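So you can see what is in the structure, the chains are spelled out below.
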Amino acid sequence: MSQTVTAILLAALVTFALRAGPVLLLSRRELPGPVRDWLGFIPAAIMAAIIAAELTAKPEFTPGGISLSLLAAVAAALAGVVTRSLFVTVLAGILAFLAAQAWLP
Amino acid sequence: MTAPDTASTDPLSDARNQFRQGVIACLPTILGYWSIGFASGAIGAVAGFSVLEITLLSGLLYTGSAQFLFYSMASAGAGVWAIVAAVALINLRYLLMSSYLAVYFTRAAGWQKVVGGALLTDETFGVAAQHGARHGALPFAWLLGLNVTAWLNWIVANLMGVALASALPESLTRGLSFSLVAMFIGLLLLTWFASRRKVLETVTILVAMAVVWAGSGHAGANLLTLVATVGAATLATALLRLSRKGDGA
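Quick note, the sequences are listed as chains A and B, same order.
Using full-length UniProt numbering, read the first sequence as starting at 1 and increasing by one per residue.
Using full-length UniProt numbering, read the second sequence as starting at 1 and increasing by one per residue.
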């Protein structure tokens with residue numbers, strides 16, 4: 001087995017444990033109140049953190065110094081607030097990115 | 001358990017219907033899977049990985065960010081354990097997501113927990129968390145419909161990326177890659193609109209973003225994401241406890 005395939009299989013195994021482990025081990029017991037409250041804030045926290053990390057890591061500046069990612073993120077957020085549709089939000093983000101890339105200096 | 005049983009007389013057709021609903025719930029995220037999966041497959045092919053390796057990565061590792069990481073580390077000649085450790089770190093967020101979803105698996109069979117957990121992704125988590133919060137339950141057939149749709153589309157999109165790697169203009173690939181951010185913005189907004197604690201959710205979001213921004217350049221993005229997530233959720237929980245105490249509750 002090549003070294004690459006070994007790495008793939010081991011990485012996949014670790015990832016599987018991270019994904020399935022908590023569901024397997026935690027679902028039988030009632031979690032204490034504060035832990036449940038804490039877990040309730042996890043989705044918003046992790047998604048906000050991923051968005052911020054992506055925007056800071058890949059701003060995609062135009063030659064004129066405008067961040068395409070930030071601009072498209074604002075457009076997607078506006079579309080999302082107005083329509084409350086995931087599909088429209090994603091579409092608006094991509095279209096805004098492509099349009100700004102084509103037309104902005 | 002004396003919970004009212006709302007199942008119809010035909011549990012199989014019920015499950016089939018739930019499965020179909022799960023497939024439908026996945027549809028808004030398909031565009032994201034396709035664009036990111038496509039980009040991921042194309043990048044893997046350009047970096048010189050074989051079709052077998054890319055198929056294994058998309059089918060078993062099954063996560064865009066770790067696949068991108070894998071390509072760049074393996075191309076740079078990193079050792080097996082360094083790669084596995086980095087992938088574990090970037091995927092630590094699944095530990096939190098899976099813990100969050102565990103409450104919905106209380107009455108599920110062991111194999112259902114394994115299958116339901118194994119196919120967890122950022123996007124299916126967003127969709128499932130929202131469904132669970134709204135309906136108070138995650139039927140296994142529904143989750144399976146959501147998960148299998150996402151998984152198959154991801155693999156096919158990766159392979160399409162391999163096939164068309166050389167034919168795409170770079171500007172288009174960049175735009176498609178942005179769908180990752182757009183998808184999280186959409187999922188975050190839906191989570192916020194569905195929340196009953198909007199003020200605290202807003203605090204959570206702003207703190208998490210501020211931590212990432214403040215820390216960028218000082219620490220790796222994956223570590224920062226974890227620190228920001230744990231910090232923001234902990235702060236919001238503390239504020240929630242304090243406000244309850246203030247109410248005398």
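Everything labelled a hint here was simulated from the structure, so no lab data went into it.
Among the hints, erroneous ones may be present.
Stated by the list, open to error - What the simulated footprint calls covered on chain B by chain A, stretch by stretch (three residues with Cβ under 8 Å from a Cβ of chain A suffice, anywhere in the stretch; the number is not a length): (1) 11-17; (2) 27-37; (3) 58-67; (4) 136-142; (5) 148-155; (6) 163-171; (7) 228-239.
What the hints assert, rightly or not - Pairwise CB distance ranges (calculated): (8) Leu25(A) <-> Gly132(B): 29 to 37 Å; (9) Ala99(A) <-> Val80(B): 23 to 31 Å; (10) Arg28(A) <-> Gly59(B): 43 to 51 Å.
Keep in mind the model is a prediction, meaning the values are calculated, not measured.
Using N, Cα and C, we set each Cβ at its ideal position, and we do this for glycine too.
Each hint tested on the structure:
Using a Cβ-Cβ cut-off of 8 Å, 0 residues of the segment 11-17 of chain B lie near chain A, which falls short of the minimum of three, so the contact claim is violated. For the segment 27-37 of chain B, the stated coverage by chain A is satisfied: 6 residues place a CB nearer than 8 Å to a CB of that chain, which reaches the threshold of 3. Remark: the segment 58-67 of chain B is confirmed as covered by chain A, as 5 of its residues place a Cβ nearer than 8 Å to a Cβ of that chain, reaching the required three. Evaluation of the coverage hint for the segment 136-142 of chain B: breached, as 0 residues show C-beta separations to chain A shorter than 8 Å, against a requirement of three.
For a cut-off of 8 Å, the count of residues in the segment 148-155 of chain B with a CB near a CB of chain A stands at 0, and the three-residue condition is violated. For the segment 163-171 of chain B, the stated coverage by chain A is not satisfied: 1 residues place a CB nearer than 8 Å to a CB of that chain, which falls below the threshold of 3. Only residues whose C-beta sits within less than 8 Å of a C-beta in chain A count toward coverage, and the segment 228-239 of chain B has 8 of them, enough to reach three; the restraint holds. Between Leu25(A) and Gly132(B) the C-beta distance comes to about 19 Å, which lies outside the given range of 29 to 37 Å.
Range check, Ala99(A) to Val80(B): about 43 Å between beta-carbon atoms, so the 23 to 31 Å window is missed. A C-beta distance of roughly 30 Å is found between Arg28(A) and Gly59(B), which places it outside the suggested range of 43 to 51 Å.
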